[in-house]
Structures are given as structure tokens and as C-alpha cells.
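For this one, chain P is given, so just place chain W on it according to the hints.
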Amino acid sequence: MIASLPRPAWLRTATVLYVTAFLIFLFVPLVVVGVFAFNDANYPAPPWRGFTLDWFIGSRATGRTGLFHDPDLLGSIWTSVTVAAWVTLLSVTVGTANSFLMERYKFPGKQVLSVLMLTPLVIPGVILGISILSFSSRVAELADDVLGLDLEFLRPGLPLVVLGQFSYIATIATLMISARLKRFDITLEEAALNLGASHFAVLRTITLPYLRPALIGSAAISFLMSFENFNTTLMLVGSDSPLTVMMYGRMREGASPVLNAVSLFLMLASAGLALTLMRGSSPRAK
Amino acid sequence: MSEKAWQRRLILALLLAPALLWLFALILLPHVQLAVLALRERVAPHVFQPSVDQFKTFFAEPLYWQVFVRTALMSIAATALTLVVAFPIAWVITKVARGRASALLFMVCLIPFWVSETVRALGWLILLRESGVLPAILVKLGLTDVPPELLYHDATILVGLVYTSLLFMVTPLVSSLESLDNSLIEAAYDLGAGGFATLRKIVIPHAAPGITAGCIVVFMLSLGNYLTPNLLGGKNSQWFTELIYTQFIVRFNWEQGAAFGFLLLGLSTAIVALGLRLSGQRFVDVMRRS
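Top to bottom, those sequences are chains P and W.
Heads up, the first sequence is in our numbering, so the first residue is 1 and it goes up one at a time.
Heads up, the second sequence is in our numbering, so the first residue is 1001 and it goes up one at a time.
The reader is advised that the hints may include incorrect statements.
[To be verified] Each computed BS3-like pair below joins lysine-lysine, with the alpha-carbon atoms no more than 25 Å apart: (1) Lys110/P / Lys1004/W; (2) Lys110/P / Lys182/P; (3) Lys1004/W / Lys182/P.
Everything labelled a hint here was simulated from the structure, so no lab data went into it.
Isolated chain W, as found in the complex:
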């Protein structure tokens, strides 16, 4: 082999090393270890045997699977809400506002993303809690006599989740609507289609890749969120990530926590796969887009 080819091989090896180290040591092997934990049981100190007990516990204990289902449903609701809230804004950015105004609006939409989620949650706490700003305004307007407690409801959690997720929906929607040729919309109108028919037959099919990408990301982020449900929902939040935290860090029952982790990962992966299947897209393309 020539010297040049050797050199090229050496560089290839040097470039491969960090990638492989990263993916094996921090992604693959840790998940293998997590699987080992999830599928074993302690029979004596330092003695383990394979078992599916942790998964049996999950199904046998109503609290566990109810929280799991609840987390999934709430995340789906949050995703749908985010889409409904974000779509008109993406439409305004791409099709209504012009030039500078459009760019400015888009930039403004991205700003809260630069602020830590902790800070955003703090803002909602100050706004919504019993002694907070919004209840005080409601009392002042004479709508209620006593300040209502607006925290610790499911709706509060949804508001928080939509708020944190908006940016991840607006961005893919904007990029998919940008590529929609205006003359198609005009043509639909000229041929007599109403606003709704145009939306259903022209706009949504064209924006489908963006919608899917946004929904997948928002669903995943909601499902895996800990901070927002925990702070805005308080003791009522019952989010699945909280169960994982409790098992791992509070009770030190890693086997059970690992099993919960796999259930969450399984759900997240299943929904991603479903979303891709429904819209007929490839994972790689979706991730690049978002």
C-alpha cells in the first residue's frame, strides 16, 4: 500500500476514535447496562438472577401504569395544543408578514428558547400561584372574591409544556411553509376552494413533514420533561419521569428505575416510529429538519 493510502487510513482511524468512544461509552454500553439492571433481581447481597419482576410490578401496581398512561396522554394533549397554537404563528411569519416584520417576528418567537426552563417555570409560578399576579388581577376585576389557586392543575401543566415546546414546533413549521409556493394557494382560491378546503388539501399536505417533525420533538420533550410538570403540577403532577427519579435517587431501587426507564424509552421510540410511519419519512431527514 502506498504511503498516501496509509496516511488516509490513519486519519480515518483518528477521526473514528472519538465518535466510537462517544457512542459506545456514553450511549450503547450504558443502555446495555440499564437493560441488565431492568432484567435482574437481587436474591442475596451481590447475587442476582435474571427476572422480569420489575415489569410485573409495573403492571401489578395501578399507580405505576396509571401514571405512565397519564404521562402519555398529557404529552399527546400538549403536542396537539402546541401545534394548534404554533400553526397560525408560523403561517403569519411565512405568508402574511413581509420582509423585516416576518424576520423580526420569527426572531422574537425564538427568544424564550434562550432562557433557561427553570426561569420560565419561575415566571409561571409567580404568575399563577394563589398569591401571584393573575389571581390578584382576577380579584381586582371582581371576577372572584378570593384569589384562586391556578397552580397544581392538569391545565397548568399543559400550559407550561406548551410554553416550553412552542419553539420546537414553530421552527419546523416555518421551514416547511416557507417552501410552499404562494401561487398554489392562489390557484386553489381561483378554482373556487374556500379557506378551509385550501388548508386541508394544499397547505397541510405540503407542511406534513414539518408538522411531523415538530410533533415528534414536542412529544418527546414533554414525555421526558421533569421540571415543568414537577414545579407547576406540584404533588398532583404524577409524571413518569418523577417515578424514575424516585426509584433511582430516593429509594435507590435501580432495578425498578431501570425498568421504568425502558418503558419510557419504549413509548417514546414507539411514538417516533409511528409518526414516521404515518408520514412516510425517514428518521434521518426529520432530525436534520428540526
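Bound-form chain P, shown alone:
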């Protein structure tokens, strides 16, 4: 706060009111989603008809299929987790390699490459999706015509979803890891080398441990962004739907409180992830 500035009472009141209104705007949609997961009605709408856990544990016998007895929803959560795990692995690996490349090496065309690495962030997700879709189907066509191969993984489906999400999440991982590597004190590595450590030993015992917070942070962000991705996924998805696409489909058909249940579950999972991250590293990862 700037002490010497005049702060009349009306300004103070207005500030408090604005912040309150802002926080209500921010949290009411999320609270509503959570609350109606427990409403004893077939439709997530007021009035409140009493508390129930049906939308979590209900089975066909009770007439309401809850989250834990809905194989489609559970399957799509698993699909999302699998996709996100692959995307995370690829993004963090490539992001680490890119960071070393950009921070430690000089080579012709480096400037172009560094701009190119940022472009995925300014390409709308839908366009990333359709461009990868058309390119992969072109490659599949060529493989079929020229080599007589049927490359199933190039058809819309989970492998393409992984590649599509990776195409821009890799940029984010690269930025996060580079930011930390940039601040690394190179004399630490030189000291270790002078003392007779091999390059590999230096990497394993000094550089990577230093990068650890950035690696964990970028892994968490990559996982989350993959799990939540919709635009790119929608264009590349085959018969197995990840959770966001499955939820979107069901929301268009008409709401059922089971979607609230799965949303609440997601919110708790994200909150858990966020808390672990904040405890593990400095609060501002990006």
C-alpha cells in the first residue's frame, strides 16, 4: 500500500465491494457445480431437494447411475489419464532437451528456432488439431499407396490426440525449464568437472537436481493442460473419448448430476495437485 496517498472512505468501501463481487463471480460457478452433485433430484437445478450420494455411488439398482458405476465416464477418466501421462513424458523430455539446446549451445539458425518454438502458443488449438489431422492422414495415404502399409495410429484416435496436445504443451515445458536453467550457476558444473567428475555424473548429481523443481512443475502443468484440453482433442479424437470430450457430449444431450459428481472429483484432484506443487516449489511457476 502506498501510505502517503489519500484514501477516502468511499474508495476503501468501493475496493472491498469490488473485490468481494469479483470473488463471487470467480467462485459461484464452481461452488454451484459442487453443491448440485449432492442434490436429491434427477436434474442439476434448484430447488434443493435434500442430500444424496446417489450421483457418486448409485447403481442401476437404485435407478440412478452414479459416477462409480458409470463405466463410460470411468473409462474416459482413464483415457484422459493415459493420454496426459504420455503428453507429460514427451513434453518434459523434449522440453528439457530444448532447454539445454537453447541455453548451452550456439548454432546457425538458433534465432529462427527460438521463435519457431514459441509459435504453437499463438496458433489456435482448433487449427493445430485440423492441421495435424490433415497431415497425418496424408502421410497415412502415402504409406498406403507407396508401401502398402496401413498405419492405424495415423487415423483419428488417441495417438494423434497425444501428438496434438504435445505439439503446444512442449512449448510450455520448454519455457518453464529454460527459465530455471538460465539462472543456473555454470561454475558449479565447472568445479565438479575440475574435481574429476564425468559429464554424465555432473548432469546426474548437479544439474538435474537443480532443475528438479522446474521438471516437477512443468510435469504437473503439462499433465493438467493435457487433461483439460478440449479444442485440439475434439478434432483428433477417434472412438475413445477423453473426459472433456465425453462430458461435452453429455452436456449437449442434457445435464445429469453425475456430471457434477465427476466435476467435483476433478476439482478436488486439481486442488490436490496445486497444493502439492505449492508446497514443493515456489508459488509462481509461470
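What follows is chain W alone, placed relative to chain P:
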């Protein structure tokens, strides 16, 4: 060449390989293929010739270019609204709240970003639809007799877009306001400037890089959004990404869809370039900041 230099070259090659593979196979070549699709026409099965027909269709069919213009204008409106809503909060975080309260408020602002956009849209659906929470409250307060339908309006889409974008505006604003020295504001006051003059002459010029970065990101995200306009706007949403989806996935007219894709990409790139030009910044710096 010494063994050491060879080793270094080998490592460089190993590090270059994944970057080049990623950028060529997933970014550059796919966009080349998209351009090829957009600029050809099918004259017989498996026979194509170069053509600009898809772009002609876009201009000849009012629905198409109207949706395009509408998407652009709505995205600009959403960006402006987001800036207006986010700026006071960023101000409170950096200049009014102290220590823990400031950090806490900033953290709280970031929370909805951790929740999937699908979940956020679901929240708005439950709040706003005819049988939803807000119409029920309005009836209870006696403001209306029948619950109004608050979904499927342009304003609803804007609310949804602002909601999803806020975080991307607050973060760059906070980081640019943080670096503004408080004594400059005090000096302005001491020299007799009012609140508005200080804002216009001191605060906004200093925060310009953050404002630009936030606006660019929010505009891009709004323009490329599919989920929020589609769910909150329903059939009235008429968002350009929906046309792309329809051409690609529903009608299987990839040539037309690719042309639409390039138009959207062109608009997005143009606005980014314009924003950078206006504020005299470099793309790389803006992206690092946001």
C-alpha cells in the same frame, strides 16, 4: 577435429533432433498440408487442381463472413471487458493489499484456472439456464414473474469468455504493475495530478507491456475458443471455430475447412502483430512474460 569437439557436435545433434522433429512434423509440415488443402479443388475422385474456390465461397456466402466478423468483434469485446474487470484486481493485488493478503488474493485468482473449462461451463449452465439458479433467485425476489432464459445470448457468451480469460489477463498485469515504483505515483500526486491523470500518464504507460501481453493472449484464446461459445451460446453462438468443425468433421469438406482455418489463423496473427506494433514490443518478450 579434436575428440572433444566431436563429442560436443554429437550432443548438439542429439539435442537438435527432438526439437526439429517436433517443429517439422507437428507444426510446419501440417500447416503446409493445410495450405495445400485450402488451395486446391477436387475435379474428379483423387484428381485435384490448384484453386482459390474455397476463399471465393467464403466471401460469396454471407453466413460465412458474417460469422467470421462476428467472432472477431465478440473476441475484441471480450478482451476489452476482461481488461476492465482484471485491471482493478491487479491494482489491488500489487498496490493496495499488503504481504500475505496480496499473495493470497493472487493465488485465489489463479484457482479457477486449475479447473477444466468444461467444468466452468457446466457451472454457468446450471446458474443461467431457465430452470437454473439465477432465474430462480430473480423470481423469488419478485423481479420477474417467469424465470427468464439467460443462456443463448451474446452477453452470456461474453460472460463465459471473460470468465475463462481473466487469469491470463491478471497474471501479466500483476507482473507489470509490480515493477512500477510506488514513489512515482506519490510524486504524481504531490505534483497535483488527480487519480485519473496519474492513471493515464504514469500507470498505464508503465503497464503497457503487461496490458498488451494480456490482451493478445485473451484475444487469441477467445477467437480460438469452441467450448464456451458453443455451450453457453447454443445454436445462436455462431462462432467461427464451429464452422471449421462442421466442415472438417461433419461434412468432411476438408478443403473448405482448411481455408476457414487459414482465415482464422490469419486474423489471429494479424491482431497479434498489430498489438506488438502498437506497443513496440518483440514477440519473444511478450510470450515469455505471459
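Hint check:
1. Lys110/P / Lys1004/W: 22 Å, holds
2. Lys110/P / Lys182/P: 16 Å, holds
3. Lys1004/W / Lys182/P: 24 Å, holds
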